[in-house]
Amino acid sequence: MIAIIDYKSGNIASLSAALDRLGQQYIITADPDSIRQADKVILPGVGRAKPAMKELQELDLVWVIRELKQPLLGICLGMQLLMQSSAEDEIECLGIIKGSTKKFTSLKVPQIGWNVVAEINDDPLFSDIPNKSYFYFVHSYYVPVISKTIGSTLYGKHFSAVIKQDNYFGVQFHPEKSGSVGQQLLNNFLNL
Amino acid sequence: MKVIPAIDLIDGKCVRLTQGNYNCKKKYFDDPIRIAKSFEQQGATMIHIIDLDGARLGRSINADLICEIVDILSIPVQVGGGVRDLRTAQQYLDNRVDRIIIGTAAIKQPELVARLLKKYGAERIVVSLDIKEDEVVIEGWMDSSELSLNQAVKRIYMLGVRELIITDVSKDGMLAGPNIELVRRAEIGNMKVMIAGGVANDVDIQRCEQAGLDGVIIGKAIYEGRISQFQLEADSFRKDAVSNLTKRIIPCMDIADGRVVKGINFKQLQDAGDPVELAKLYSNKGADELVFLDITATIENRLTLYELVEKVAAQINIPFTVGGGIRILEDIGRLLKFGADKVSIGSTAVTNSDFVKQAAERFGTQCIVISIDSKQVGDSWEIYIKGGREATGIDAIKFARKMERLGAGELLVNSLDRDGTKQGYDLALMQTISTAVNIPIIASSGVGKSGDFLDVFSRTDVDAALAASVFHSRGIDIQRLKKYLLANNIKVRI
Chain A
695 MIAIIDYKSG NIASLSAALD RLGQQYIITA DPDSIRQADK VILPGVGRAK
745 PAMKELQELD LVWVIRELKQ PLLGICLGMQ LLMQSSAEDE IECLGIIKGS
795 TKKFTSLKVP QIGWNVVAEI NDDPLFSDIP NKSYFYFVHS YYVPVISKTI
845 GSTLYGKHFS AVIKQDNYFG VQFHPEKSGS VGQQLLNNFL NL
Chain B
2 MKVIPAIDLI DGKCVRLTQG NYNCKKKYFD DPIRIAKSFE QQGATMIHII
52 DLDGARLGRS INADLICEIV DILSIPVQVG GGVRDLRTAQ QYLDNRVDRI
102 IIGTAAIKQP ELVARLLKKY GAERIVVSLD IKEDEVVIEG WMDSSELSLN
152 QAVKRIYMLG VRELIITDVS KDGMLAGPNI ELVRRAEIGN MKVMIAGGVA
202 NDVDIQRCEQ AGLDGVIIGK AIYEGRISQF QLEADSFRKD AVSNLTKRII
252 PCMDIADGRV VKGINFKQLQ DAGDPVELAK LYSNKGADEL VFLDITATIE
302 NRLTLYELVE KVAAQINIPF TVGGGIRILE DIGRLLKFGA DKVSIGSTAV
352 TNSDFVKQAA ERFGTQCIVI SIDSKQVGDS WEIYIKGGRE ATGIDAIKFA
402 RKMERLGAGE LLVNSLDRDG TKQGYDLALM QTISTAVNIP IIASSGVGKS
452 GDFLDVFSRT DVDAALAASV FHSRGIDIQR LKKYLLANNI KVRI
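As given, the protein sequences belong to chains A and B, one line each in that order. Just so we're aligned, residue 695 is where the first sequence starts under the working numbering, counting upward by one. Just so we're aligned, residue 2 is where the second sequence starts under the working numbering, counting upward by one.
Please note: incorrect hints may appear among the correct ones.
[Unchecked claim] Taking lysine-lysine pairs in the PhoX-like style, the calculated list, with each CA pair at most 25 Å apart, reads:
id, chain 1, residue 1, chain 2, residue 2
1, A, Lys702, B, Lys358
2, B, Lys338, A, Lys702
3, B, Lys286, A, Lys826
4, A, Lys796, B, Lys358
5, B, Lys338, A, Lys734
6, A, Lys826, B, Lys38
7, B, Lys358, A, Lys748
8, A, Lys702, B, Lys312
Hints are computed from structural coordinates only; laboratory data are not their basis.
One chain only, chain B, in its complex shape:
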């Protein structure tokens, strides 16, 4: 469950209202930028910002300030207050705001919500329903919509909304505990719900978590120091408290003649840029590791590859793996000497398993990645070699176990069925291999959208996810992807 600190803005200042009453505002901190940064430093994994002037007047008033806050943060931000037209929504969503919160407009202009959902996806549009005396209230909590909570929920569910914030206005700023019962009574189906209003202490947070809520938004209690910094962080991390190891995002670059190329099955290769420049870009965007695969792997190209490895090692300060055409121990020795951190071994591991053992003994298991090309046959998967052109009859799961025994440090699992399809990772394959071995698994093949990364991390035990074309085409921005994963409770390094 996410523990989300809230920042409410009036006249560019951070304020708290009591029960939504604009006349009893109580100022806490003047500088919202400083306070947002401090929430991030205290371990918050998302921040909730409301433009209260905007909510009251029906247009964004503090938008520039909000965009400034978003720019200095590396964690995701959700923004609401006065988002009632397409232009305002776009202004936020096109300017690095991760999610927008729609309140009044969700009730009064369903067509706007439908349009935004279509353009930006359900994970970036959150609807906030504010409840006062069993009715949903709108226009900065000043008017009634004459809808009950369940009537409103049903309507917005039909629009395609999948994330909700439910606030009991009477609890807001009262520090008397959140109205969890209200959420329990709501017919929310499979929607994710964050609760706001009244959260006073660590016990309230625990109750929200036990109630199965997706997040809890906290205002006053944080400003008044009722929730400890440590607790805030512990809760953000609680879901997997045995480890703080993060899931890795790995861009892969196919290399031919010293250039990054794109293409399916070695056909119609297109130039996708200079590997060193691309590596720098990805590293700055927050890639956790990089993979370079020499897809030509001829002897003449070997020298070009070594030069490239040396250049990358000189300029990049995150780990990188090099693969393609590794056949003898000397190939590994040279790549490591030129600065590669790990090597990826493909066909040779299948045709000569003794080679894996020797490589692990000589260079250490930590630098041996075994790349497995597999294809589904009935209920199992078969290993292919030579770039997927030759079937071997070997069972992929048995092979994975054997590689672990021989000293593989990691397995890079490719699905020939999914490669280039953009239909998402082969989740069944990934989970079957993840449970069969006790070494890290890198999932590969099939990514089309950000949700595919979320699926592979939330539904399987893989440790890393690799993709190529979606990053090269700038279709998926790594920084935004990681914020999206973090907002969905996947631990990633930001």
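Pulled out of the complex, with its shape left as it was, chain A reads as follows:
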């Protein structure tokens, strides 16, 4: 079973539609036990970091997420929350991956649209996805390129489009909105 973490900060409709298209069973839940028992966990997220973290704290999910051993995919804000801290409202995040998010300054903010993801490291997450495929981004903050970056994108500077540390994966783009390559990436994650 796949658990989508429900913390009132995601566009769950698009994500669940994408999982439906892949014929996957999933639950949308904030229940710690259901999340712990899931085979795969997805942390979606759009909107602001501060209310999102506050919600995760109130739901007692911070330690649940930090102690997961199964693959977890953070999407957009969900990826940024995996970091130690965010420049957005200067807050502490989940602290799973070392580093912090920064705000775009040189070009238009938010970055909205399709941009190229260069695969830096080979990874099963990129299976059957041509290098330099286009994915759909909507964001004002970014994770710089760090040692955990496995895919990068250029917008003013190179930033982390995909990060990976042990069982934690994060994508800055929206795979559920990125056409067939996005669908393939979700499928790859679910088949890990």
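Fit chain B to the supplied structure of chain A, relying on the hints for placement.
Just chain B now, kept in the frame of chain A:
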């Protein structure tokens, strides 16, 4: 500048000639389809294919193979060699070949070129002038035309040709550097020039770019590995190396009673199809996003709209925006819950700006698109509401800045002056708003032809271009439009 790999065909095989001599051909790769695909994968943004049998015999010999190559590629292709009659030209241009290259026929049959320009437009017809000992040569480089380069350039310019390929035959296949001086001496006016022949390495490419050329066609140097894959791609992307974000093409569907409709100013509405089917078609053709506008926006129609949003969300895997009749926060919450990615707010943003702030705080700026209807008054633009029926006296540029401050994620800019005119986007309005704010701008209103998209992307800083009727009527095919933009150095997702 475009870096264009070349494929020369003889007997269905990929070959390279030296100085145009058919007797010293050197075969490189047997399978032109595989090599074309690999160029695309290496990041080429256009491919140049010449039917050498065709050039020599004066008719297309490898046409079927060429059409097969074009079918498997998603980047634009220009094709030449033996295009000397209307039938051959049409065979290519009507079969997804983006541009044809005319050599001999441009000199010998100017009426053919004029006819093709009229039917297909100057952006699909390229003339190739091949130079040997200061004279333009024809018939597969075997005969002289007795014209100098400048005499030939003048003639074809008068015909309406705007894109040229200049090849110094003596440099071809020699890897001794291109003859940039030859192009410098040519009186080309405002024509775009691609150079071919002799390009050997990355330095040559840089020299061509510095010379202001529009493109460089490379053969042997690529086959012999003298130009790195990375370099090929870097050059294709160099023009805007700070970002690889692409410009978006957005079809807009006006919705009434659950159907897509066409019509001007709510009058004479015509049915234009089922929104879900149309959305699927556009998405498959390469649309980057979709917009649905509920133009009736009555309470009774609301349920039909939610059902539609749910259906679209289930079947479409690209982002879509829904607008029309959004007045309270609950309207936004519901549309997002049913699967919309963004909402477009029009009149309510003007009459109640606090609403924009609340919406951005509650749902995030990324999903708030503010739709601005503006009309030119002297040197400025005024905001209109209620579908363009009511003037507000508010300055559009000031309003745009205010919306950005309140949390708009994007602005969709409509021009009431251009709406339905097919005269092109209001470039002055688009550029003025683009420079006034630092959020993405979606240009809207006035599209009549593909060149209008090129104008708005090359002459203003907008991020996306929206259009409705030109897509519904199948007048503009999105896939072809994007290839055309790419061929003109606009970064789009293919």
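Checked hints:
Straight-line distance between C-alpha atoms of Lys702(A) and Lys358(B) comes to about 19 Å, which keeps the hinted pair within the 25 Å bound. Restraint check for Lys338(B) and Lys702(A): the C-alpha separation of about 11 Å stays at or below 25 Å, so the hint holds. Proposed proximity of Lys286(B) and Lys826(A) is supported: the alpha carbons are some 20 Å apart, at most 25 Å. Of the pairs offered as hints, the one joining Lys796(A) and Lys358(B) holds, with about 23 Å between alpha carbons and a cut-off of 25 Å not exceeded.
Of the pairs offered as hints, the one joining Lys338(B) and Lys734(A) holds, with about 23 Å between alpha carbons and a cut-off of 25 Å not exceeded. For the suggested pair Lys826(A) and Lys38(B), the alpha carbons sit about 15 Å apart, so the restraint of at most 25 Å is met. Between Lys358(B) and Lys748(A), the direct Cα distance comes to roughly 21 Å. Compliance with the 25 Å bound is thereby established for this hinted pair. The hinted pair formed by Lys702(A) and Lys312(B) meets the criterion: a straight-line CA distance of about 23 Å does not exceed 25 Å.
Hint compliance for this structure: no hint is broken.
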